[in-house]
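Produce the complete structure using the sequences and hints provided.
Chains as they are written, first to last, in our numbering: chain A, 1 to 301; chain B, 302 to 590; chain C, 591 to 969.
It is possible that some hints are incorrect.
Cross-link-like lysine to aspartate or glutamate pairs, in silico, EDC-like; alpha carbons within 16 Å at most [unchecked claim]:
#1 C/LYS922 to C/ASP947
#2 A/LYS56 to C/ASP719
#3 C/LYS671 to C/ASP636
#4 C/LYS726 to C/ASP739
#5 C/LYS726 to C/ASP636
#6 C/LYS726 to C/ASP741
#7 C/LYS958 to A/ASP75
#8 C/LYS715 to C/ASP947
#9 C/LYS865 to C/ASP937
#10 C/LYS859 to B/ASP367
#11 C/LYS910 to C/ASP937
#12 C/LYS958 to A/ASP70
Because the hints were derived from the structure by calculation, they are not lab data.
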Amino acid sequence: MTAQAAPLSGQDGPSARPVRRRFSWAWLGLLPFGIFSTLFLVIPTAYLVIGSLQDKTGAFTLANYSGLADPGIVDAYGNSIEISLVTAIGGGIFGFLLAYAVINGGLPKFLRSALMTFSGVASNFAGVPLALAFVFTLGRVGLLTVFLRDGLGIDMYSSGFSLYSKIGLELVYMYFQFPLMVLVIAPAIDGLKKEWREASDVLGANSYQYWRRVALPILTPSLLGTVILLFGNAFGAQATAYQLTSGLIRIVTIVISSQMRGDVLFNPNLGYALAMGMVVIMSASIAVYSLLQRRSERWLR
Amino acid sequence: MTVGFGPRAPGALDSIEGNAPRRTKPRPRRLGSIVWWIVFLLGFLYFFVPLFATLIFSLKRPPFGDAFVTTVTDSELLGALGYSFVVAILTVIGSVALIVPTAYWVRLRLPRLRPYVEFVTLLPFVVPPVILVFGLLNTYSHPPVFLTQTNIGNDVLMVCAYIVLSFPYMYRAVDTGLRSIDIRTLTEASQSLGASWPRIMWSVILPNLRVAILAGAFLTVAIVVGEFTIATFLGRQTFAPFLSILGDHDPYEQAAVTLVSFGITWIAMGLIGFIGRGSRDRIQVAGAH
Amino acid sequence: MTTTRSLPLLMTLGAGIVLVAAACNGGGGATTAPTGAAGAASWTPDAALLASAKTEGSLTTIALPHNWCDYGDLLTNFKAKTGLTINELNPDGGSGDEVNAIKQNQSGGQGAPDVIDVGLSFGPKSVADGILAPYKVSTWSTIPDSAKDKDGNWYGDYYGVMSFEVNTTVVKTVPADWSDLMKPDYKASVALAGDPTVSNQAISAVWAAGLSNGGTLDNAQAGLDYFKALNAAGNFVPVIGKTATVASGETPIRLAWTYNALSDNDSLKGTPPIKVVVPKTGIFGGMYVQAISKYAPHPNAAKLWMEYLYSDEGQITWMKGYCTPIRYADLKARNVIPADIAAKLPDTTGVVLPTLDQINKASDLITKNWATTVGATVK
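See below:
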C-alpha cells in the first residue's frame with residue numbers, strides 16, 4: 001500500500017561522522033518542548049516523588065508506601081480502576097460509533113460540525129454542574145425518574161437502580177468520555193480513505209469483511225490509544241464523583257484530595273504516595289498500549 | 302503518487318472535508334444508514350436530557366425566567382467568562398506552538414523517542430491537578446522565580462499550567478492527524494522545492510493538520526473554561542471558581558449560568574471551527590498507493 | 591442527652607459574668623465606649639494602626655464566602671472605613687486550604703493570606719506548625735478563656751449549631767429531633783452537607799446525631815451507628831447536600847450549621863420555603879477561630895481587620911449572618927445588640943461545645959470508619 005521513501009533520519013545504523021552531528025541536530029528540535037516540560041511538569045512531579053518519600057517533618061521514610069496496603073486504599077484503587085476501565089471501554093465503543101455515524105454514516109454534514117463543537121464543550125462538562133444535571137434527571141425526584149414512574153409505570157429506584165452507585169457514576173462519567181472519544185478519533189476516521197472502501201467493494205467484499213480486514217486493523221492503534229486516554233481521563237476525575245457520592249464510593253482521587261486539602265485528614269505525604277501509585281498504573285497502561293500499538297502498526301506497512 | 306497544486310485535484314483531503322466530487326456511479330446506499338441515525342439519536346438524547354432537566358430547574362424561580370435575567374445582568378459572570386476565554390485562547394496558541402512541531406519532529410526524525418515523549422505528554426493525565434498545582438506553588442512561590450508575587454506572574458503560571466494540562470489531548474489529536482498524512486513525502490517534496498523549516502511547518506504541515514488541531518483546540522478551550530483547582534489555588538477568578546461560589550447562594554442562577562455558558566462555549570467553538578475553515582489553496586497529496 | 595454540661599460552656603458563662611463586671615470598671619481600649627441600649631457604637635479604626643496599614647495598602651483574606659456569617663458586609667464595610675483594598679482568595683476553600691496557602695506562600699506574593707478563619711482543631715495544629723503570629727485584640731479580655739490560645743495565636747470568632755434545613759414543600763411534617771429522621775415519612779430525604787472524611791460540617795453532623803443516640807462527646811461511635819441505621823432504613827441520601835439539591839427536592843432535609851441553613855433560606859427567597867430546625871436533643875456547637883499568618887505580607891492590615899471583627903460592630907455583623915459571636919455574653923450583658931438582630935438568632939440553649947481533644951478523637955474515628963460502617967451498604 002504505502003511505498004515508503006527512504007527514511008530521513010540515520011536509522012540505518014551508525015556510520016561515520018555525519019550521523020553523530022545529525023543526531024544532536026535532531027535533538028535540538030525537542031528543546032522547546034523539553035524546557036517547557038521540565039519547568040512546568042517535571043519539576044512539580046519531582047516534588048511529588050520526593051514528597052512521597054518524606055514524612056511531615058521532611059525525614060526520609062517508606063511509611064507512605066506501606067500505608068498504601070491499607071485495605072481502604074486498596075479498595076479505592078480497585079474502584080478507580082474498575083470505573084475507569086468500564087467508562088473507557090464503554091465510552092470508546094459508543095464514542096467511536098457516534099463519530100463514525102456523523103463522519104461516514106450518511107448523515108447530513110452539518111451534524112458533524114455540530115457534534116464536534118458540542119463534544120468540545122461536553123468533554124469538560126464535569127464536576128458540580130454535571131453531577132447536578134444528572135441529579136435533576138435521574139435522581140429520586142429527577143425528571144426522567146418521575147416521568148418513567150408516573151408516565152410509564154417503571155419505578156427505577158425500587159428495581160434497585162440508584163444514581164448514587166458505581167453504575168450511576170459510570171453513567172455520569174460517560175458524559176465526558178463519549179465526547180472525548182469522538183473528538184480524538186475523528187481525525188483517524190477521516191484517515192480512512194474512501195478509496196479503500198471503494199477498492200474493497202470493487203473486490204467484492206461485504207461490509208463485515210471491510211471492517212474486519214481493512215478498517216479495524218488500520219484504526220486499532222488509534223482506537224487503543226484513545227481508549228487509554230479515556231482510561232486516564234476517568235481515573236483522574238474527581239469533582240463529579242465527590243459531589244455525587246459524598247465519598248462513600250472511595251476512589252483514589254478523592255482520597256488524595258482529602259489528604260491534601262481536607263479539614264480533617266491531613267497527610268499530604270500519603271497523598272503524594274497515592275499519586276505515585278496513579279503514575280505507576282498509568283505508566284503500566286501506556287506500556288501495554290505501546291506494545292499493542294507496535295504490534296498493530298505492522299498492519300500499516 | 303501525485304502531488305498537485307493550484308486547482309484542487311481530488312484527493313484524500315477532500316474526503317476529510319466530505320467534499321468528494323462525484324466521479325463514479327453513486328455509491329450503493331449502505332444498509333447501515335438507519336443504524337447510524339439510531340446511534341445519533343441515542344447520543345442526542347443522552348446529552349440533551351440532562352441539560353433539559355437543568356433548564357427546567359432553573360426556570361423554577363418565579364417570575365418565569367428570573368434566573369436567566371439575573372444571569373444576563375450579572376457583570377461578574379461576564380468578567381469571569383471573558384477572562385477564562387482569553388486564558389483559553391492563549392493556552393491553545395501556546396499548546397499548538399509547542400506540540401505540533403514536537404510531534405512532527407518526533408515522527409520524522411526521532412521515532413525511537415516517541416514512547417518517551419508520549420509518556421511525558423500523558424503525565425499531566427496521571428498527576429492530579431491538586432498535586433500539580435502544589436508542586437508549581439512549591440517551585441514558583443519564592444525566589445529565584447517568584448511567579449506568584451504579582452498578578453501577571455500568577456496569570457503566566459496559570460497559562461503554563463493549562464498548556465501542560467492540554468498536552469495529552471493536543472498531542473494525541475495531532476499525532477493521530479499526523480498518522481494519516483504522509484509527512485515524510487510532504488517534507489521531502491517541500492525541501493526539494495527549497496522550503497525552509499518554518500515554511501514547511503506553516504504552509505504544509507499545519508494546513509493538513511487542521512482537523513486534528515481544531516479537535517485539540519476544542520478540548521483545550523473546554524478544559525480551561527472548566528478547570529477549577531489550579532485557578533483556585535492561584536487565586537484567579539476564572540469561570541469555574543465563580544460558578545462554584547454562585548451555587549452556594551443561588552442554585553437557580555447557577556443552573557442558568559451553566560446552560561448559558563454551555564451555549565456560549567459551544568458557539569465559540571463553532572466560530573473557531575468556522576474561522577479555521579481557511580484557505581483552499583494548499584499542497585495536497587493524492588493518497589499514497 | 592448528655593448528663594453533664596460541658597466544662598467549656600460553664601466556663602464561658604462564668605467568664606462572661608466575671609468579665610462583664612470587669613468591663614464596667616475597665617476601659618474599652620482602642621474601641622469607643624458603647625452608647626447604650628439603642629445599639630453598639632460603630633467602629634472607628636485606631637489612627638496609628640490605620641496609618642501603618644495604609645502603607646501596606648491591602649489585605650489578603652481567604653475562604654470567606656460572602657453569605658457565610660455575613661462576611662459580605664464585613665468586607666464591604668472594612669473597605670469603606672479604612673480605604674484598604676481586599677484581595678479575596680478561594681472563597682470556597684476549607685480550613686485545610688487556608689493552612690496550605692500559608693505554608694506554600696511563605697515568601698509573600700498574591701497567594702499569601704494575611705488572616706485565616708479555620709476550624710477549632712486547626713488552631714493548635716497551626717501553632718505546632720509555627721505558621722501563626724500572635725496578636726491580642728483590644729477586646730481580648732471579653733473573649734472566653736476556653737475559646738482562645740493563651741499566647742494570642744488563635745482566638746474563637748463565632749459558632750453555630752447543627753440543625754435540619756428542611757424544604758417544606760416536599761417535607762410536610764417537619765422533624766423535631768434526630769429520632770424523627772428515622773421515621774418512614776422521611777424516606778430518601780436526609781443528606782449531609784459534605785463528605786465526612788473531609789468536611790468539618792459533615793463530621794459534626796455525624797457526631798451530633800450520635801449525641802442523641804446514646805453517644806457522648808467522648809465517643810462518636812453512636813453517630814456512625816445512627817447513620818448506618820439511617821442508611822439501612824433508606825432515609826439517607828448519599829449525595830452531598832447543596833442548596834441546589836435542597837431546592838430541587840432531592841435532599842429535602844440537609845444537616846447543616848444554623849447559619850448556613852438560615853442564609854440559604856434568605857437567598858432562596860421562598861422558592862422553596864425553608865424551615866430551620868434546631869433538634870431538641872443533641873444540640874451540637876461548632877466553633878471557628880481567627881488567626882494571623884506569620885508570613886502575612888500585610889501584618890498591620892491584618893491586625894486592623896482583627897480589631898474590626900472583634901469590635902462590637904464586627905461581632906454584631908456576624909450575628910446578622912446568624913452566627914453566634916464569641917463575645918455574645920459580653921454584648922448581651924451590655925445590652926448593645928439591636929433587637930431585630932437578636933430576634934433572628936436561633937435559640938441555642940443547651941448547646942454543647944466540644945474540647946479540642948474530643949474533636950480530634952471524634953474526627954479520627956469518623957473519618958476512618960465512615961466508608962466501612964456506612965458505605966458498605968451503598969453499592
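Hint check results:
1. C/LYS922 to C/ASP947: Measuring from Cα to Cα gives roughly 30 Å; hence the hint is violated.
2. A/LYS56 to C/ASP719: holds, 10 Å
3. C/LYS671 to C/ASP636: holds, 11 Å
4. C/LYS726 to C/ASP739: The hint holds at about 10 Å.
5. C/LYS726 to C/ASP636: Between C/LYS726 and C/ASP636 the Cα gap is close to 14 Å, so the pair holds against 16 Å.
6. C/LYS726 to C/ASP741: holds, 8 Å
7. C/LYS958 to A/ASP75: holds, 14 Å
8. C/LYS715 to C/ASP947: With Cα atoms ~12 Å apart, C/LYS715 and C/ASP947 stay inside 16 Å; holds.
9. C/LYS865 to C/ASP937: holds, 14 Å
10. C/LYS859 to B/ASP367: holds, 13 Å
11. C/LYS910 to C/ASP937: holds, 14 Å
12. C/LYS958 to A/ASP70: Holds, at about 11 Å.
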